[in-house]
Each structure stands twice: as structure tokens, then as C-alpha cells.
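Q: Starting from the structure of chain A, add chain B where the hints point.
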Amino acid sequence: MDGLSILPIDVVSGVIWLWIALGLLGLALQRAPHLICRIIFPVGAGISLLLTLTALWALGTVPDIAVLPLGLPDLPLHLRLDALSAFFLILLGAASFGISLYAAGYFKTMQGGVLGLLCLEYYLFLSSMALVLLADDAYMFMVAWETMALSSYFMVTTDHAIPDIRRAGFLYLLIAHIGAMAILLSFGVMQAGHGIGAYTFDAMRGVHLPAVWSSIAFLLALFGFGAKAGMLPMHVWLPEAHPAAPSPVSALMSGVMLKMAIYGILRVTFDLLGTQLWWWGVLALGLGLFTAIFGVMFAAVQGDMKRLLAYSSIENIGLMLAGIGLTLIFHVYGKQMLAALALTATLYHSLNHACFKSLLFIGTGSILHATGERNMGRLGGLIHQMPRTSVLMLVGVLAIAGMPPFNGFVSEWLLLQAFLLSPGLPDSYINMLVPVAAAVIALAAALAAYVMVKFYGVIFLGQRREAGLQHAHDAGRWEIAGMAWLAMLCVVLGLAPVFVVGQIDHVSQLLLNTRLGNASADWMFLAPVDTERASYGPVYFLLALLGVTGLTTLLVRRLYHGRLRRGPAWDCGFPAQNARMQDTAEGFGQPIRRIFEPFFLIEREVPSPFDTHPKYYGRSEDRLWFILYLPLKQATEKLSSWISLLQHGRIHLYLTYTFVTLVVLLIFV
Amino acid sequence: MNNPHLILAVLFQLTQLLLVVLAAPMLTGWVNQCQAWLQNRSGAGLLQPYRVLNKLFHKDAVIADNASWLFRITPYIVFACMWLAAAIIPILAVDLPFSQAADVIALVGVFALARMFIALAAMDIGTSFGSMGARREMLVSFLAEPALLMVFFTASMISHSTQLPGIVEALAHHQFVLYPSLAFAGLAFVIVLLAENARIPVDNPSTHLELTMIHEAMILEYSARHLALIEWASSLKLFAYISIGIALFLPYGIAEMGNWAGLPAAIVLLVGKLALAGAALALLETVSAKMRIFRAPEFLGTAFLLAVLGLLIHFLLGA
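Protein chains in written order, with our numbering: chain A, 1 to 669; chain B, 670 to 988.
Isolated chain B, as found in the complex:
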């Protein structure tokens, strides 16, 4: 890699870093808007999440009397983790220098790090809801995380790489060849996406004061800027997961190594894909019902088995 190219790539990495953090709340707004339309409501518009964030940042933070330093640093760490995660997934082009420092296993590690901090912070105040949320979050994740890892493994077996750019480039080149193993992996990935982003049927992002809540139970004690950062992090996480889905299963049209001219087309295509994925998510949530918490492990166990099955099929068929 020659020097001007590297500088360009670093510049591109920084652009993506900035782009994702600004665009992520819009995606959440879009999903909410689609849901509103599906429920015959007019909806609050695409910009509503930004207004909420702005409001929260202006407020004075109130934290519990016995909150420790861990509680206070967690929102920043979670936000940073999700930001990094969203920034290392190749969605526009595959030139991302930072992805050399963190491959797919590290990406799963970043998600795990954020989750661990948020679960610990939830236990910090010592309320019944907080520790319940932490327990359930860890319950959901101990099945979702290996499933996600297996999905990545299937993709990296096909592409002989655990680097995201390598995977995406390899998959984008095999245009319109259907991999049976990836079909299983894709199904597993959708389940993981729903579970990890606190979506119906595993969790419901818009409930409070219900014995069924998971993610919301963990962040009950947060307010103002802390809450804003966590909400923003949730948007980034959703953005990251949908980006992963696009990168693994619909990588077509991405600007390849050194192909800067293809960038504008790639941007248009990406916006289309994101809109489509968001609408699909809203539809999926509207037509399904929330399940009992102890059905969730079965649901996620299915995802895990599907992902392992995908990997096995790759070994059997070599595709």
C-alpha cells in the first residue's frame, strides 16, 4: 500500500466514522416511522431521535445516591464501543485501515465489551429491575453471541479471511451465486439481530414498567446525557447490525479497493439498502408478538443451531 493511498484510506475511515455517528439516529427514526405507518399512525418523522437526543443532552443528569464511577463511565464506553463497531464495517467501500486492527472476532468482542459494561452498570445501583435486566441481557447474549460468531465463521470460511474487507470483497465478487450455507447463516443472523437490538419478539424497545423488559430495565436509572449516549449507542448498534447484514448478505455495489469513482453510486445504493432493511425490520416487528422470556433461549438456541448448521453445510458442500 503506497503512502498517498494510505492517507486517502485513513481519510475515508474518518469520514465513515463521522458519517455513521450522524446517520445512525436517522435509521432508528426511519424504523419508527415505518412502524407508525404500519399501525395507521402518522408518526413523528425521521428527525425525532435527534430532537430527543438534543433534549436529553440539555437536561441535568440525576444519578442515584449510591452510583459508583462504573455507572458514570459506562455510557461513554458503550457509546465508544458501538461507534467503533459501526465504523469498521465496510458498507460504502472496502478500504478501511482500522479493520486491520479489529477483525470479525474483535467486532464480536467490542459488542461483548459494551454489553458487559452495561450489565455491570445495571447492577451498580442495586435495584430489583436493574439486576433483573442484567441477568436477562446476559441470558440472551450467551446464546446470541456464539450464534453471531458462527455466522461470521461461515462467511469467513467462504472467503478465507476474518477481515471484514476481505470477506466483503470475496462475497461481492461471487455475484448472485447462492451459497446454501449463507442462507442458514442469514436466517440465524436475523434472529440474532432481533435479540441483540432488543426488538420484538425477544424484547420491546418501547415498553417500561413491564416485567418482560430486558434492555430498558438495565438503563432505568440513567437520565439526561448518560441516557442520550446510551440511546445513541443503541441506534449505532442497530445501524451496525444492519450494516453487517448488508455487508455479508447483500454486498453488491460496494466500491472496491481503490475505486473512488464508484463511491457516489455506492452511497445511493447503500441508502436504498438501509431503507429497505429498516422497513423490513418494522414489518417483522409489527407482525410478530413478544414471547415469554423463557421462550427466548429456545428462539436463540434455534439461531445458534442454524448458524452451526450453516457452517456444517459449508464443510459438507464446500459452498
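Next up, chain A with everything else stripped away, as it sits in the complex:
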């Protein structure tokens, strides 16, 4: 290697420095907010694109390692860029490119001082996420992880004048730190008491832990990263914090930051820990399935569009966790090919979720700007006012609902294939668990379609529920550009699965030492194991669908006619129709609330038919909050009140404590 050649890791480090510089520049430019929007965010988007391309280049090359002369005395900062980091860097770059473009338009109206700070936090957030992915020692990782949590906390509390938002931010910070402590402890277990030098990931890879300690490390990591990902039962912060943030930030948090937790679980489980046990997989699979069903059920009953999306993120994280669990099970039983298939499905879904969830979140930002309303019960009919946004959002909605030929379908297809190929595991109990798990995944996917019909139908379709909505305007150029990029990714990732799977193979090679490959000779067909078993050709599928649709249109017009008249809506001839007679978000979710009633804590106030001023009120709360969190909070308060018995704030008392301790120690030693 000569000194002049540039390695991918140098470019990625450069990207991180550039981002930090941009953030500082934004802070300096706070008197010129239009410059921040016109220059800083588009330039940042360009850097994201550079990051994506570099990471794509790095994916197929050997891991790069760099050591920075910074950090603790015996522990300089270690960086490493391998296939797993590169894959998640692609995800980070691709999603943040769209979101930064969008931010250039979205923050236009924001006041300068706030925007300057936000710009700094935004770029610190992006660079800390890149650093999390590059970190190759526990110290570096934790610093980056905490920077990520803190910078996002400050962005969540941008509107800190609102008490609810402060509360949401506090909850987020609290759970983030409980999670971070668990991660730190997990690293502590993995370095196995070998001194500070052993905190590098390289040293951890070399340590062979006994099964008990490996399990403890895994459980701590699953808990810690799960808290960040919104895994049950550490999910409560997610539906509070994600909606509270400005929309581009929500998009980054839901679309990208949650994946950092997925990255962490994969890194610890498959890379740092030398051995895996089968029950880890069962645990992850079970937790994932619960999380998925829980998330989608609660998404179905939400009335606030951003909360709905936040719950849907919980669902998707559940699917990814289930994928990780399945990978673990197959890996432990030596079915490497199937493990690679499940891992591919998991990573593919991470990438997909980053695209469509970011798209939907920034879309809600445009709706919020256009109408000032987050409550779906006051929206409706926006397809007429916001035509461009509505088309792009339709792509996102179809993709997240797992409709072919969009990207959500591909990862779902791969995951289901992994389940279908599972027979032949030596343990018959696990063998029976697999079909049940497949059924739960199918149920979650079908419910996701329900949720998305509700989301799109209530917001964009129907009559306007409020008169003010007719003045809503479509999103601006930058906003549309950001959404269009993400929508394009949803389509491209759906149409070129063979290419994406080929790239993910580098990660499978690294973690599982297996490549999934493609059994079909034709690049148009995705055939993970064997063409006889299963294949999917999204391009042919799309062409056939478009061809048949076009042919039908042509034939109908040719053989008959295309005459069209408009008139008032028919609605079975009922004369008095108004916008209030449509389903609200509440109404659309009602069947789900009724079917899954035991899961919700429902508070309702229903008026009698004779009320002259009828008032309706309904809330579906999370039981876990009352069963788990409030008792925990009370126990903590009680504990701290006992501790406060020792504290009186008088110096002589504290000196007495010191003296007594000293005497006691002297007696014992």
C-alpha cells in the first residue's frame, strides 16, 4: 500500500469531519437562516451521497482499519470499516440524502437562532451515527452512541416550550441511558477482565467466554440495543419522542437511528461473541413477534399521524428482530444457507424501512406545514390540494404495506421464504415454533395494510373535514425532491432485488461465512436457494401488470368509448351527506380496537343519543405503561426517598459519615 492511495475509511472519516464542520458553520450562520437552508443542507445532502457511494465501494473490499491518536491514555480511538458497517453506512447515506434535501425546504420558515442550533445538532447526529458504525473499540462506540442520544434528545425538544414535548424528551433520555448502561455492561462482560487494552473489539473477538457469560453479554446487549430500537417492553419512549421532533428529525430517528440498534445487536451477536446459543434465537424471535403484533395493533388505533407512524416503526423493528432470531436459530444448528437467507431478509428490511419510513415521516411534515394539523381527524381530501405529495406518499404507503412490486414486498418475501425452508431443524419443538411464527408475521403484514389504508385514506382521500383545508398548499421544490428520492429508492429496491441481495452477500460472508448467491442465471429473477423452489421477478411482474392495465384501457376506449360526466356523489341516494359522516381515524380503527380489546386500556366517553351538546372522547392506552412503568417509577421514588434520609445538606453530618466510615474500615482492616 503506498501512502497516496485513498481508502474508503479515509473518505468516510472525511465525511464525518465535513458534517461536523457544516454543523458549526450552520451555528455561525444563525443570523442568515436562508443561507443555512439554501447552502448547508443541500451541501450536507451531497456529502450523504458521497458517503453512500463510498460505502458501496467499501462493501466488497477488505476491512479497513484506522487508529486515531485521540482518546484514553492506553486506548486510542480505533476505527474499522467492514462489510457490516459499510452496509449500514449506505443506509445512513441514502436516507439522509433525501432527508437533508427535504430539510432544505422544510426549515425555511424556522427562526434563525433555533435553526442554527438545530443545524449543529442535526449534523452532530449524522456524524455520531457514522461513528457508531465505524467504532472498533467499546470506548469509541459508547462516546458516539451517547453523542447520538444527546444530539437527538436536543432535536426532539426543539419545541421545548410545550410541556408534553419536554416530557417526551425526558422519557427518551431516560430510556436511552438505561439502554446505554446495559450496552456498557455488555462490553464489560465481553472484555472479560483483561484490562483497558481489551476494550477494543478486536480483543473481544479473541476472547472465548463461557456459555453463561456469553449469554449474559447477549442479554445485556439485546436489552440495551432493544431499548434504543423500541423493542417490547422498552418501547414507550418511541411513540412519544418520534412525533415530538420536527419531521425531518423524526424521519432520521425512525428511519436511521433505530437501525443503529439493529446494527449493534448484529455486531455483538455475530461478530464480537464467538459462540451463539439456540435459545438466544428463540428469545429474539419471540420478542420480535410480540413487538411486531403490538406495534401494528397500536398503530391501527392511533389518531395522530406521526404517532401512527411511530407505532408502525415498532412493528417493523419487531420484524427485523424476528429475522435476527431466525438467523441465530439457523446459524446455531449449522444451516448456514438458511441463516444467510434470514440475515439477508433482515438487512433488506432495514434498508427498506429506512426508505419508506423516512418518506412517510417527511411527508407528514409537509402536511403539517400545509395544514398545521397532526390529528388525522381534522384532515382529509388532501389529494386535491397536494397532488405531488399524495403521489409520492402513495408509493411509500404501498411499499410499507408490502405490496408487490415495491421494496417492502421483497423483504417480506425473503423472510417468509426463510420460514418456509426451515423444516429439518433437529429440535422438533423449534420446528413447530417456526410455522406459528410465520403465521404471526403474515398477520402483522396484513394488519400493516389495514393501518396504511387508514393512514392514506383518512389523510388524503375523502372530503375535507375542516373548511380551512382548502387553502392547503403542496410541498415546495426541495421537499418534493427529498420525497422523490426516497420514493425512487422504494421502487428501485423493489425492482432490483438481485443486485441488493448480491451486495448484502458481503455482509453474510463476514458474519456467517456463507453467501446466499442467486440460483437463477437471469438477473431479473430473485431465486435465493433454488429456482425450482422459489423465484420472484419483479421487473417482469411490473411489466405484466402495466401491460395488462394498458391493454385494458386501450381496449375499453377502442371498443366502446371514454365518455365521462361528473355529478354529486350517489351514496345510496342519501341526500344529506357531509364530511363528518366519513370514517374518522377513530372510526376506522374501531374494529381492531374491538377485536383486540384485552390488549388496550380503553377510556371512552360516549354521548347518549339525546345529548344536545354531544361530546365524544376515546383513548386507547398501553397497558404496559401501567403494569410495568408506573410501579417501577414508584419503586424508584420510594428508594430515593429512603436514600434521602441520609442526606440533610449539613456539612458536619457528612463529615461524621466520613469519620464513621473511616473508623469502621480501620476496625476491619
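Here's a subset of chain B near chain A, in silico, CB distances under 7 Å, partners left out:
(1) P815
(2) S825
(3) V977
No lab work stands behind these hints, which were simulated from the structure alone.
Cβ coordinates follow ideal geometry from the N, Cα and C atoms, glycine included.
A: Below, chain B alone, put in the same frame as chain A:
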């Protein structure tokens, strides 16, 4: 696969594409005719659906003032989805090149895509009936869709393939061996078929202006060619579902790979099977009553559990 064979297969695929779209309304007509006979009426004959379609295509379309582009493209998309779905199910022969592009999971995806569009279009006008229909349709489908998927999974576990031709070929070879898992799957499939095709006891295809309607509530605002396409799509959907049933549970007599000589016999056999299935459907509808909407989830939940049970039995017994 050599080239002349591929061309032949593509030709066959196109023939099936054409055949199903033309034959599907006849099946609907047959079911209606059987129902009429069971109710001691003379009935309108097998060709009635074609006359209705022709009438509707001639009319001028009227759409609501606030209908958007989504409302206008939906009939075409729904029709195309159902047409494709019906065309990729092997009913006459297993040589269908397009089935490589879409396996059973994609088939369920096609049905879901059509459903999603029709539910969205139903909400587009913003009438009370429209959104009610959309909500109920999604309610029925979120249980029916996973049940259907589980039925397919049972079949593909047995045949080690998710490709429809592979499944059918494997099942057709194991002649007259009763799979216990498939028996459960078959029961679940019948329930799904009834629910997804808006049949009694879940929905009633021949009512309007009832608070119980599901499918009809969604398409209330459609008229003329749009309505014709949706009705035709419904016929195609019924045809597709019955074809799936035949392919999974009664595949015997299908022309196997490369066996073009067996085609005429296969056609005769297929017509017989379709007629039998249509008559059975009519009978089932005549003897059962429509259930309350909130009983429907229980009914479909049964289907879902039966399908999962079938899958579990396959794992337990290996059959």
C-alpha cells in the same frame, strides 16, 4: 428449457390469459344459475353476466364531483391484478412461464394490491358507505389473507416449492394419498374463498342499501365502464380462487410438463371440476345465512387457526 419449448410455453401462457378473461363471467353466471335453480327460479342463464358487462360498457360513466385520479385508475388496476392472478394459476397444464416471476406469495400480494386500491378508492369520495365498506373489507382481509398464506404454506411445505407449477406437479403425482394437513388447509381455504369473494355468510353479493354490505358498499360510486371492470374483476377473482382450490386440492388430470397431448382431456376435466365447484358454492350459499359483521372475525379467525393447525400437523406428521 430449449427455445421451441419456451415459445410454446409462452404461447400457452397467452392462451390461458385470454381464456380465463373470457371464461370468468361464465362461471359467475353458472353459480347464479345454480342458485336460481336451488331457489325454484328459472334463472337468467349462463350468458347474463356478459350482457350486463356489455350494457355497462356502453353507458356514460358518471363519477362524483370530488373523485380524484386514484378513483379513476383503480378499476383498471384491480382488473389487471385479478386478470394476472387468474392467469398464473396452473389449471390446464403446469407450463406457465410467468409463474417464475410470481410465486404463491406474490399471488397473495397481487390480491392484496387490488384490495388496497379498491379500499382506497372507496374512501376517495368521502361518503359514509364508502369508508364503512373500506373498513370492513380491510377487517375481513387482515384475517383472510394470512389464512390464505398459511394454506399455501402447507401446500408448499409438502411440495418443497412456492412455485405454483411445482406445487401442482408435486401434489398431482401423489395421487389419492390423503394428506391430513391438506384436509385442514382445505377447510380453511373454503372459508377464505367465501370471505374474499364477498359471499354468504360473510357478505352478500346481491344486496344494496343494507348496513351489512361490504364489497358492494365500496363500489357504490362506480358506474358504467368502471363498474363493468370491477364486476369483471370480481368474476376473475372468483375464477382465480376456485382455480386455486382445484390446483391445490384436486389437481388430478392436469397436463404435465411438456404433455401437450393430454390437453384436450385436461380441458374437459377442468370444465367438469369448475361446474362442480360452482354448484357446490351455490349450494353452500343457499343453505347458510348471512352472519353479523362482528361474527365475521371469529369465522375468519377459525380459518386462520385451521390453516395454522394444518401447517403444524404437517410438521408433526410430516404429511
